[in-house]
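Asker: Guided by the hints, dock chain B onto chain A, whose structure is given.
Each protein sequence line maps, in turn, to chains A and B.
Heads up: the first sequence begins at 1 in the numbering used here, then just goes up one per residue.
Heads up: the second sequence begins at 1 in the numbering used here, then just goes up one per residue.
Do not rely on the hints blindly, as some may be mistaken.
Claimed, not checked - List of simulated lysine to aspartate or glutamate pairs, EDC-like, C-alpha gap at most 20 Å: (1) B:Lys2 - A:Glu257; (2) B:Lys2 - A:Asp264; (3) B:Lys48 - A:Glu64.
These aren't lab readings, by the way, just hints derived from the structure by calculation.
Given next are the chains, with one letter for each unit.
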Amino acid sequence: MASQYRMNLMVCTGTGCVSNKSLNIIDALNREIEANGLAEEVQVIPTGCNGFCANGPIIVVHPEEIFYQLVSEEDIPLLVEEHLLKGRPVQKLMYTPPETKNPVPTMSEIGFFKKQMLIVLSNRGIIDPENIDEYIARGGYKGAAKALTEMTPEQIIEEIKASGLRGRGGAGFPTGKKWEFCRNAKGDEKYIICNCDEGDPGAFMDRSVMESDPHEVLEGMVIGARAIGAKHGFIYLRDEYPLALERVLKAIDQATEYGLLGEDILGTGFDFTISVNRGAGAFVCGEETSLIGSLEGMVPEPRTRPPYPAVSGYKGSPTNINNVETWGNVPHIIARGAKWFSGIGTETSKGTKVFSLVGKVNNTGLVEVPMGIKLREIIYDIGGGIPDNKKLKAVQTGGPSGGCIPASLLDIPVDYESLKEIGSIMGSGGMIVMDEETCMVEVARYFLSFTLGESCGKCSPCREGTYHMHTILENITKGKGREEDIELLEKMGTLIKQTALCGLGNTAPNPVLTTIKHFRDEYEAHIRDKKCPAKVCKALITYTISKEKCTGCTLCAKNCPSKVITGERKAVHVIDQSGCIKCGICKSVCRFDAVEVE
Amino acid sequence: MKLKPEDLDKITERMRSSTALREGACRAKITVHMGTCGIATGARGILKAFLAKKEENRADDVLVTTSGCAGLCSHEPMATIQLEGEPPVKYAELTEEKVGRIFDEHVMGRKMVKELALAIGNERII
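Excised from the complex, chain B in its bound form:
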């Protein structure tokens, strides 16, 4: 295929997801907690559900990542949602339905799902 100048932008657009991933530039970051406890209660499914929602919404500027156990093992699986410039929000005892709502309302709609949220902010690190 021979390109025209405007095709360069189309390729850039098509590649936006991986560019955003590598440059760390994102509007929202979803962290699924994947400690042994999280994995045992189905965190893999939660992670996949978030990834599917991201794909469905073509949300290239949303990062989905993993981290270790959040410490509240009895309430796993858990995820933390952080929108740019806002404090992180933790959601607990997630299911695939809850993931759908959280993604639609919090990540896309920028409004925290109050009744599902467990806590706002991080623990203090001393």
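Chain A extracted, bound-state conformation:
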């Protein structure tokens, strides 16, 4: 009776949920289902990332679409007996929004999911990514079939141009135009590449797409290859993504078996193969010319452009590189039409964008939203606001290449132009939320330390410039800032942006420049008053114990790792500043709020 299950349990097996033992949950479910004689009625399906990573492991039960979160192996016997056998959904495993006490039973009623609009992630949590039939059942490979049987390469390119799709990897270059350059370039061999060397701290959009719907990317590449005239494509996959690697390799095997890759695809006479290359482990490999160098077996260093890869890329042949998410949009545009796609979004930014929403926000996870949505909607309606009722200070978009957007600009629409206007970028879609306890100078220093470490060293603006900017920032956070430092940082930042060889250097100063622009007062406080307003920079803060509040309970003294807190029992305690390492343990253990930071 295998084809007629009455219930499907979709268990998230994205990297996040797997690390929270969702594979054990699948085993436990199958055990209990078998024990209760339900094996012919209920099917357990492993899916890709569901997006609501903060609350994993996640199970969604269809047909009712009941959403279970934070499920553990011990919950499974109860879940099977109550819900699967008796039809009574288990309340204690449902999501309860922080502001209410009532659990929300179904997925579509949860704020996190309600405001999202899914194109690239439309199959997440609904299909088994390791089963090509499930992808096909949801309309998969229909776009490729249409492109190969009904359209000329020129028509495909026109369709992508008309859709308004722009690169989702960061720069936002029109995809159709990029394809056209490569198609028109002279060369017998042409190549296409899928860039899945995702390296921004806190970003995991590409990994998630690869894990939850690898066929979508393969189908996009088949369509692109046909449009451009490529016979072979590469997927350049970050080496730290073993699950994505496993799934994409399986997907390539299945697609080849079905004749959707390889020779004579769908009987149309078109040949196209895909191979997967594991990344070389450096951030700069995400830059297209470095990536090509790495594919060729060279040291991954950027090359001067022009010539652009569209003219001279992999082994000197015309090459087209797009990001995972860009490829993922392509099948939908071809299957549903450019007009449908361009109806979503703003004047200049069409469709949706996937963001990994992380940092000081209640619902961390992966979200897909229409272009033009306000930052406020993402952070408050989808993200559920800031934990512990703290105030929002800034949002960082675009990772280490992006900028910090202050809370006062929360109502700007999220599109390529608006973000650029305020000094940030869309980037590949990292979105880090920061609360009032974040020091913006320290944030700028952190991001710059990342790009500094990842600079390949080929050009001096990036190699030397980021190093000196980082030294200045470090001095400021240590209370050794000089009055002229802010102007110097601005001057150097602008210069590096103009002169660095590739995107890494061109964007590295962004976090510094935007924090100076929007949070100049914090820089001034560090330099002039030797104070860190957010009370983060250790050199600029002191811990003291309030005479009024201290009860002499001795807890702080017992926990102090440096043993510099002294005081008799039931008498006021004192911190010896000379030995204090400012770890903050005394403050976190004090039950009377007696430890003050200044």
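Answerer: Positioned in the frame of chain A, the structure of chain B alone reads:
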């Protein structure tokens, strides 16, 4: 097996049952009440009978699901049939023969089995 474009539709067709289940798109929904009382009077057999009828008719757009006790424990096993756009109908004291008739006439034939029906509509929830 190498596919031709038209084979994509065949796979979609073959998978229709699970697609419908996950998308919640259905023409009719059968809910078998599986409280302790329902289970004690044989609701499991009723559920299996509905599933067998669904399989037999290849009725991919019919959902068979379960819920808790309907409140009328002395008349279990019970099931509720809801056709799209129509009020739900409750059937009580079900047997496998009754399930066969209800499935054929009500679910497939879209005509309520009057003499077996207990009530139409839901209780009001205040």
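Asker: Confirm or reject each hint.
Answerer: Hint-by-hint comparison with the structure:
1. With a C-alpha separation of about 7 Å, the suggested pair Lys2 of chain B and Glu257 of chain A falls inside the 20 Å cut-off, and the hint holds.
2. Taking the CA atoms of Lys2 of chain B and Asp264 of chain A, the gap is about 9 Å. The hint holds against a cut of 20 Å.
3. Simply put, Lys48 of chain B and Glu64 of chain A have alpha-carbon atoms about 19 Å apart, close enough for the 20 Å limit, and the pair holds.
Checked against the numbered hints listed earlier, the structure breaks none of them; every hint is satisfied.
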